[in-house]
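Protein chains: 2
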Amino acid sequence: MARRHGGRQGRAEAGPPPAKDYSRLRHPFAPQRIFSDDEVTAIHQAALEVLQELGLKVLLPEARQILADAGARVSDEMVYFGRDMVEEALRTAPRSWRVNARNPDHSHVYEPGALFFSGSGGCPNASDAVRGRRPGDLESYTDALKLQQHFSVIHKFSPSAEPQDVPVPLRHYAMIRAQMATGDKALFGYARGRAQIEDTFEMVRLGMGLSDEEFLNNSWCSTVINTNSPRMIDAPMAQGIVDFARAGQMLIITPFCLAGAMAPITVAGALTLQHAESLGAITLAQMARPGAPVSYGGFGSNVDMKSGSPAFGTPEHVKMQLGSGQLARHIGLPWRSAAGSASNVADAQGATENMMGLWGGMMSGATLIVHSGGWLEGGLTFGYEKMITDLEGVQMIADLCAPTSGAEAEIGMDALRDVEPGGHFFATQHTMERYDQAFYSPLVADLSNFGSWEEAGAEDAATRATRVWQGILAEYTPPPGCDEAVARIEQFIADRSAAGGAPPME
Amino acid sequence: MARRHGGRQGRAEAGPPPAKDYSRLRHPFAPQRIFSDDEVTAIHQAALEVLQELGLKVLLPEARQILADAGARVSDEMVYFGRDMVEEALRTAPRSWRVNARNPDHSHVYEPGALFFSGSGGCPNASDAVRGRRPGDLESYTDALKLQQHFSVIHKFSPSAEPQDVPVPLRHYAMIRAQMATGDKALFGYARGRAQIEDTFEMVRLGMGLSDEEFLNNSWCSTVINTNSPRMIDAPMAQGIVDFARAGQMLIITPFCLAGAMAPITVAGALTLQHAESLGAITLAQMARPGAPVSYGGFGSNVDMKSGSPAFGTPEHVKMQLGSGQLARHIGLPWRSAAGSASNVADAQGATENMMGLWGGMMSGATLIVHSGGWLEGGLTFGYEKMITDLEGVQMIADLCAPTSGAEAEIGMDALRDVEPGGHFFATQHTMERYDQAFYSPLVADLSNFGSWEEAGAEDAATRATRVWQGILAEYTPPPGCDEAVARIEQFIADRSAAGGAPPME
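Chains as they are written, first to last, in the UniProt record's numbering: chain F, 1 to 506; chain P, 1 to 506.
The following block holds chain F by itself, in its conformation from the complex (with noise of 0.2 Å):
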């Protein structure tokens, strides 16, 4: 069969398409499932069960003391939830809310039905082709948050690599400076404690001029609550589900549920902990303030049977899913999901591992899909080259969000008419009209010919991946505000920095 590689010199002088909007997205297909109904209520009343019965170990006393005012039995660091308070948290949680960030055309309603993507979160390490692998530092943090604004398809900010050369008590202040001087997409903070968390907040209202009501009654941060499975909830994130809650700011719960490791074998016994630990976690968000926004969520795979090495994108994180996502939709909540790679470097290891976590959460309903690009190692490290091979991944993915009209001009009978058979498309009218707007324009693929591309040097997406995310971080220009919105909070950081800043709780 003939192909035609490399020609049509002509219209590349007219300069690739422009780059598309992917700021809204909602979920174009149907969600699927793996389970039948009666399964799904089977494994709610299985959550339930281990919540009455097993219960949770709370390892933060004022935690245990809002549950037992509630109505739970607390027995030393254990609570007992009872199927009422678990019931009545989910009448009070919220099924929508506003997801707010200082340029309101990146606040979004975070809903069933809605499709946000997040870059990787709570990497310890980073690695580019030029600075090699090392301890995440400021300057990572900082240049993973310009592609995280860079890219419209991305909704949200994440922690991608932690700027471990700033000392503990003082690294949130830097963290959200970072964030306020970069972009203008909503935030995330880390619970670790309540000093951190009560800089956070002021930090945020600040940064943002908002008065304590405005701030109070929307969400303008969030924040990952990883419960330790099984059935733990240790003390900085209980205490941060309290004071999240408390200030109305957004939790993201998340059991982290390795199925043959901290989680059963099965899929449907890893999910019956993670709906467990979820629950109880929710619960106990709303006994703190009905109504704070929470969002359901869970991260599951498996472990590797062979080295016990946690696996990601595999069929078993698939099938965790898409079974999340018939519990979310069971209790009614949205909820996030994750993509993500073991993978030690970006190859097609880690876009296969990414790509199905990514169909994944799409297949499932995610409202949220975490870690959808830069994450290797299993989280350990956030890759520079893998964030854009990923997001390559990720546009395409949301592009399949945009309606496909099937309406007479479409379909083009004139242009049919137009072509003799054997003759081709390029200079009809209906293709004139179109080729502007027309199809997906690659990120980092290389569609040129193998002997134009062995000429080039031959380099694989990785290699071309360096060029890309070092000629957005040349060109990053912050949007407007951000210089204001750090002077708003330079004071607070020197007063607080000066006082020592604020350790994270043990």
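These are computed hints drawn from the structure, not numbers from a lab.
Heads up, some of the hints might be wrong.
Claimed, not checked - Here are the computed lysine to any residue pairs in the SDA-like style, where the Cα-Cα straight-line distance is at most 20 Å: (1) P/Lys57 / F/Gly422; (2) F/Lys57 / P/His424; (3) P/Lys306 / F/Val468; (4) P/Lys57 / F/Glu420; (5) P/Lys306 / F/Phe426; (6) P/Lys306 / F/Phe450; (7) F/Lys306 / P/Val468; (8) P/Lys306 / F/His424; (9) P/Lys57 / F/Asp414; (10) P/Lys306 / F/Arg467; (11) F/Lys306 / P/Ala438; (12) P/Lys20 / P/Ser405.
Note that the structure is a prediction, hence the values are computed from the model and not measured.
Using the hints provided, position chain P relative to the given structure of chain F.
What follows is chain P alone, placed relative to chain F:
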């Protein structure tokens, strides 16, 4: 968050779990849509209008005569299909048939709801890390067959690298012989004119030991029919339709509609053209022999608007898959789709592109997903390493076809009771009972931690893939019966070769 990497060495001694069997797959998900039912009807009606008013150019007089006899208006080389003819063809075209292989375990029922994968098809070149990129030869053709036979997730043979070292008039003997000598999956033959087709059929009859009746009443081999878009069926393809249909052998109709080049720039327009060409070819097949097994199909993607190069695994590729699935369901026929990549190497780009087409095929309910593994450079090259890195994705997606149980035993309340908060499930009875069957076992993915991976040479997936295909080929043993099948065709091949073979049709 603490994560376990590289732990649990005791488990490694138990060896990998047994490879899963993916030889019988049914679609686990509901097919998705991009068009409304009205739009699907409009595209179908537009395609009928194309066939009736614009017509197809059919370059084979015999085919034009068949269509004229069935009531088509024929003018010079143009054939205008009445709607009644197309409707009659859709009445006689079977919805379900058996694709037979020498080994009944590899015979399959081809029908909506079934899911088949095949490897790369139609690549003139081959490439691997040892021999480099070169014109396809009989060795690479045979190597590809061995890989196809090895993996249970590949359900039929496809011609992955053209054996260009075999003279054209003898090539079809070498190709059928190599398939019979290598494995026992369903056979593929090219449609390159009546002389070669008759030889192919004779080899199939002899090799399988079939009576004429057994051969003619069941499908024992298949071919792919590419129309010359737009609106043309060349002589070899038309001959293939007529001859395969009359012999009751499976036709896989595949217009290759690149939106913006040989097809309209819109998804709806390109699909209208694809649908018209596919319906025209199906009609010719049914007029040649009512009830002949013919698969609807298409291979649609777009050209890159910068270079004019074909792009694969793009959003438009997936949208055309989804629309094709809707059109196939509209006419009630099983259908073929395709994955594939434009990348020049088995890198993140190649994996991302192929995963798009694999998931697109899954979500559009394709009966057969062609080019699932090894298709580099938009099909110009079969890549050995690419075959391995792609098949990881194919196997993981195929794994989703297995039902997931949410029954009581799987929920495992006992296991949940067994493990204290913060503990682990490694040693629970629930885990031990399921350990050797649990989880997908990686083909080429490396799940070791960064340190171990770096120490072992920091190899990416493509590099590791070399050892994987080398290992498979080194240990390859043909299944029982191959020698006998070949013995039954040797004399025929010798006689025909001595007579000069059969030249392909011009």
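Hints, one by one, checked against the model:
1. P/Lys57 / F/Gly422: Roughly 9 Å separates the two Cα atoms, so the pair holds.
2. F/Lys57 / P/His424: It holds: about 15 Å lies between the C-alpha atoms, which stays within 20 Å.
3. P/Lys306 / F/Val468: Roughly 17 Å separates the two Cα atoms, so the pair holds.
4. P/Lys57 / F/Glu420: Holds. P/Lys57 to F/Glu420 sits at ~9 Å (cutoff 20 Å).
5. P/Lys306 / F/Phe426: Roughly 13 Å between the alpha carbons, so the hint for P/Lys306 and F/Phe426 holds.
6. P/Lys306 / F/Phe450: 17 Å, holds
7. F/Lys306 / P/Val468: Roughly 17 Å between the alpha carbons, so the hint for F/Lys306 and P/Val468 holds.
8. P/Lys306 / F/His424: Distance of about 17 Å is within 20 Å: holds.
9. P/Lys57 / F/Asp414: Answer holds: P/Lys57 to F/Asp414 is near 18 Å, not above 20 Å.
10. P/Lys306 / F/Arg467: Since the Cα atoms of P/Lys306 and F/Arg467 sit roughly 19 Å apart, the hinted pair holds (cutoff 20 Å).
11. F/Lys306 / P/Ala438: With a Cα-Cα distance of about 11 Å, the restraint between F/Lys306 and P/Ala438 holds, given a limit of 20 Å.
12. P/Lys20 / P/Ser405: 17 Å, holds
Going through the hint list in order, the structure satisfies each hint without exception.
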